[in-house]
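Undergrad: Note that the protein sequences, when read in sequence, are chains Y and U. My numbering puts the first residue of the first sequence at 1, with every later residue one more than the last. My numbering puts the first residue of the second sequence at 1, with every later residue one more than the last.
It is worth saying that the hints were derived from the structure and are not from the lab. Some clues are possibly wrong.
The list treats identical chains as one, so a pair stands whether inside a single copy or across any two.
[As the list claims (entries may be wrong)] Listed below are the simulated SDA-like cross-link pairs for lysine to any residue, each with C-alpha atoms no more than 25 Å apart in a straight line:
1. Lys2 <-> Pro115
2. Lys428 <-> Ala286
3. Lys428 <-> Thr241
4. Lys127 <-> Pro288
5. Lys428 <-> Gly307
6. Lys78 <-> Arg93
7. Lys78 <-> Ala128
8. Lys66 <-> Gly333
9. Lys2 <-> Asp240
10. Lys95 <-> Asn317
11. Lys66 <-> Arg12
12. Lys2 <-> Glu259
13. Lys95 <-> Val108
14. Lys35 <-> Leu11
15. Lys428 <-> Ser392
16. Lys66 <-> Val77
17. Lys34 <-> Ser227
18. Lys127 <-> Pro74
19. Lys35 <-> Leu102
20. Lys35 <-> Gln22
21. Lys78 <-> Gln398
22. Lys78 <-> Pro104
23. Lys35 <-> Pro288
Protein chains: 2
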Amino acid sequence: MKIVTASEFELRRDVDYGTPEQNAAVREIVAGVKKEGDAALFRYTERFDGVRLDAGGIRVTEVELKAAYEEVEPSFVKAIRGAADNIRTFHARQKRNSWMDLQPDGSVLGQIIRPLQRVGVYVPGGKAAYPSSVLMNVIPAQIAGVPEIVMVTPPATGGREGIDPYILVAAAEAGVSEIYRIGGAQAIAALAYGTELVPPVDKICGPGNIYVALAKREVYGAVDIDSIAGPSEIVVLADDTAEPAYVAADLLSQAEHDEMASALLVTPSQRLADQVAAEVERQLAALPREPIARASVEAYGAIIVTGSLEEGIAVVNRLAPEHLEIVTRDPMGLTGAIRNAGAIFLGPYSSEPVGDYWAGPNHIIPTNGTARFSSPVDVDDFIKKSSLIYYSREALLQNGAAIMELARREGLEGHARAIEIRLEREAKGETSHGE
Amino acid sequence: MKIVTASEFELRRDVDYGTPEQNAAVREIVAGVKKEGDAALFRYTERFDGVRLDAGGIRVTEVELKAAYEEVEPSFVKAIRGAADNIRTFHARQKRNSWMDLQPDGSVLGQIIRPLQRVGVYVPGGKAAYPSSVLMNVIPAQIAGVPEIVMVTPPATGGREGIDPYILVAAAEAGVSEIYRIGGAQAIAALAYGTELVPPVDKICGPGNIYVALAKREVYGAVDIDSIAGPSEIVVLADDTAEPAYVAADLLSQAEHDEMASALLVTPSQRLADQVAAEVERQLAALPREPIARASVEAYGAIIVTGSLEEGIAVVNRLAPEHLEIVTRDPMGLTGAIRNAGAIFLGPYSSEPVGDYWAGPNHIIPTNGTARFSSPVDVDDFIKKSSLIYYSREALLQNGAAIMELARREGLEGHARAIEIRLEREAKGETSHGE
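Chain Y with its partners taken away, still in its complex shape:
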C-alpha cells in the first residue's frame, strides 16, 4: 500500500455512467415495458435472463418462501433475525410524528408525516445478492409505515432456476411477501410504470448493475429512487494507539468489495503507517478475494501521513467518506470536528462489518463524497410531508393587507384578489360561514 503525504495524495474516484450503447439499450427497454406492459417484460426476461415467465410464475409463492427455510442453516436464520432486530430498534428511533402549532388567533399550522404507499426493492441476482441489503432497504420502509413493500429479483440466480434461498429468508424475516421474479432494466420499468401483473410503486430502491442504475435514472421523476451508489469507500483516521492488524483488516474488508473500492488510512504516525502497510501485505496474501482486494489497494488505496491529527481531520472532511473509522486516543472527542462522513465508527472494536451487518444503523451510505450533502438511508427516505394550514377568520382579517402587499409587489393581482374578496365580503357579513 503506498504511503504518501496529504499534499502528495491525489484522490481518484471513478463513476460508471454507462456507455452510449448501454444508455440506448436501457431507454429502449424502459420505453418498451412502459408501452407494452407484461408482454415486453416477459420478452426482455427471456432475452436477458433466459427464463420464460408467465402470469402464473412471475410471483414467488408462499410455498417457495417456506421451502427456502429448509435450504438454509439454522445459524443463518438466527443471525439474520438478530440483525433484523437491531436494525428495527435503531430505525424505530427515527420515526417522527406529525405536529401542529395552535396559534392564539385560532389558526393551526403543521406538518403531516405519512408513509409512502408502495415501495419496490431491487435485489440483484448472482454473487451481488446480499441478504443484509434486503434488511437494510426493507426495514426502514416498514418502520416508516409503508403498507406495500415489494421485492424484485432476477429469475435465474447463480446459474440455476429460482431465487437464492438466503434472499428469500431475509425477505420473509423482513416481512416482505410480494416478490416478483424479474430483474434488470425491465424490472425497474415495471415498478415505475406498472404492468398488468406488477402494480406501480412510488419509490424504487436497492442496488444493481449498470443497467439497473441507468434504468433508475431513466424513471426518476415518475417515481422516486434512492441514490445511485458509487464504489464503496473507507477512511480510517488513526493515531499510534491503533492496532495495525485491526486497521489493516478493516481496510481490506473494504478493498475486497470490488476493484474500484477505496480504502485509505489517514494518520499522523509514520510508525503506524509502516506497520499497517506491512500488515496489509501479510493479510492480503491469505485473502480468498485477494485479486480484487489487491487491485483495489493498488489503484485506489493509500496511507496518507499527515503533519498532525488536525491535518488528518481536514483531509477526512475533504474526502467526505462513506465509512469513517476513528481509532485514536479519544475518538468521541474528535467527532465534533468531523463535518463530512456517512457513518462514523469509533474506537478499536467498531470494525466496519459491525455496521455492515449488525449494529443497527443502515449500511446504505452516501458514496463518492456525497456525504457532504446526503445521508445514510433511514426512515425519512420512506415518508413524505404535507404542510397543513388552517387559517382562522381572525387571522385572515388581521394579516390580509400584508399578504396583498406582497402579492401585488410580485405582480400577482389574482393572488391579492383572492384575499381581497374575502376581506370585502367578511366586512359586509355577506357569506354563509363566518363565525
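Take the given structure of chain Y and dock chain U to it, following the hints.
TA: Then chain U, alone, in the frame of chain Y:
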C-alpha cells in the same frame, strides 16, 4: 371552465425537458465554466446578459444592499419582515437534534445531524424575481444552521443594470450578504464547481428558466439540488358549503401564474360547479393577467363533479396536487383521508396566497404528482445525517460470531476476518487497548 365527471376527466401535465439544442448549449456552458472558471463565467455573462463583469463588480456590495432600502416602500419592508418572522417560526419547529442510544453493553449508537456547509440560492431575473421565494429558500437553510448561504441572480433585471431592490431587501432581511451578479447555466456551473471568485457550494436551490433547470440536472451529483419544479397546481375539494366567489378567486390565483398552471375544482355539488364556473368567467374578465389565466383555465383547468365526497377524495389522491384546499363542512375531518398532497389548506379563510406569502409553511412544494413521494422544502433539506457507531469490547465479543456468519454467507471473508482477528487477539489479551 369545463365541467366534467371524474371518469371524463383527463389529467394533462406537460413538463419541459428542453430541446436537444438547449441541452447541448447547457452542457457546453457548464463544461466551459468548470474548465475555465471566471474567464468563461464572464464570457457567458457578456454573451447572454449583455453585461461585462469583472472581479470587482461580480459581488453586490454592502452599499448597494443598504441603498436598496431607499428604493422600496416602508410597507414592503414591514410586510417582508412579517412574512420572514412567520416562516422562521414555522421552520424552527422542524429542527431536530442529534441523538444517541446508550446500550447496556456500553455501546453507543446514534445519528449526528449537521447543517450543510454552503448553500447557493438561485434567484431569477425579470418578472420571475419573487422576493417571497428568497425567504422560502434562505430561511430553512438558516434555521438548519448552514453557515454560508450565497445568492446568485442575473446582472440585468427588468431591462436595467443592477438587481431588483425588492430582491435585495428580501435577501438582506433573510440575512444573506454574499450575492453574486451572475445568472443562467453559467451561474449554476460556478456554484457547482467553483471559480476563482465564486467558491463552490454543497447544494443549489431556487427556481429558474429552462437553462437553469437543465444546468441543475447537469451538475447534480457534484452537488445536491432541490427538485426541478413543474408548473404550479391547485385542487380545491369543496362541498355546497363553499362560497363560489372564494373558490373561483383561488382557482384564478393559480391560473394567473402561467399558461401551463393547473387549477381544478373537485366537488360532489353540481350547484357549486355551475356557480364557480360562472364566477370564474366573471372574475377572469377583470384580471390584469387575464390572457395567461384564461389560457391556463382552458388548457389545464376543469371542474370535476363527483358522485360523492369520497369519490372526490379518491380523485385528489390520484392527482397528488401541489396545493389542496379543502372547503367543506368539516375540513379537518377529511385530512386523514388525504394520502397525497403537498400543502393542505383547510376552510374558507385558508386561501392559497396565505401560504404563498405569509403563514409560515414553505411555498416550494412538490409539483406534477410528486407529492406522492416528496415533500415541501423544509429544514431537513439543508441537513445531513451521519450514523454513529461506538461498539464496546463486550458487544463485539458477544456478537462477533453472528457478524462473521452473515459476512461469510455473502462470500466476504475479509469482512469476517476483520472481526475474527479482534476476537482472537482479545481472547489472548494481546492488544494494548482492552478494558
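Undergrad: As a check of your reading, is Lys428 near Ala286 (CA-CA no more than 25 Å) within one copy, between copies, both or neither?
TA: between (88 Å within a copy, 21 Å between copies)
Undergrad: Treating 25 Å as the Cα threshold, decide for Lys428 and Thr241: within, between, both or neither.
TA: For Lys428 and Thr241, only the inter-copy Cα distance (18 Å) is at most 25 Å; the intra-copy one is 79 Å.
Undergrad: Is the C-alpha distance from Lys127 to Pro74 at most 25 Å within one copy, between copies, in both cases, or in neither?
TA: within (21 Å within a copy, 67 Å between copies)
Undergrad: When Cα atoms must be at most 25 Å apart, do Lys34 and Ser227 count as within-copy, between-copy, both, or neither?
TA: both (22 Å within a copy, 24 Å between copies)
Undergrad: From the Cα coordinates, with 25 Å as the cut-off, is the pair Lys2 and Glu259 best called within, between, both, or neither?
TA: Only inside one copy: Lys2 and Glu259 sit 16 Å apart there, 61 Å across copies, limit 25 Å.
Undergrad: Checking an output row: Lys428 and Ser392, CA cutoff 25 Å. Within, between, both or neither?
TA: This pair counts as within: shortest intra-copy Cα distance 17 Å, inter-copy 71 Å.
Undergrad: Is it within, between, both, or neither for Lys66 and Val77, if the alpha carbons may be no more than 25 Å apart?
TA: Only inside one copy: Lys66 and Val77 sit 13 Å apart there, 68 Å across copies, limit 25 Å.
Undergrad: Between Lys78 and Pro104, at a C-alpha cutoff of 25 Å, which is it: within one copy, between copies, both, or neither?
TA: Between copies only: 21 Å across chains, 55 Å inside a chain, cut-off 25 Å.
Undergrad: One pair to classify: Lys78 and Arg93, alpha carbons no more than 25 Å apart. Within, between, both, or neither?
TA: within (23 Å within a copy, 42 Å between copies)
Undergrad: Taking 25 Å as the upper bound on the Cα-Cα distance, should Lys35 and Gln22 be classified as within, between, both, or neither?
TA: within (20 Å within a copy, 27 Å between copies)
Undergrad: Given identical chains, is Lys2 near Pro115, meaning Cα to Cα at most 25 Å, within a copy, between copies, both, or neither?
TA: Neither, since 48 Å and 34 Å both go past 25 Å.
Undergrad: When no copy is named, should Lys95 and Asn317 be tagged within, between, both, or neither for a Cα gap of at most 25 Å?
TA: between (29 Å within a copy, 24 Å between copies)
Of the numbered hints stated above, those contradicted by the structure are hints 1, 5, 8, 11, 19 and 23, listed in ascending order.
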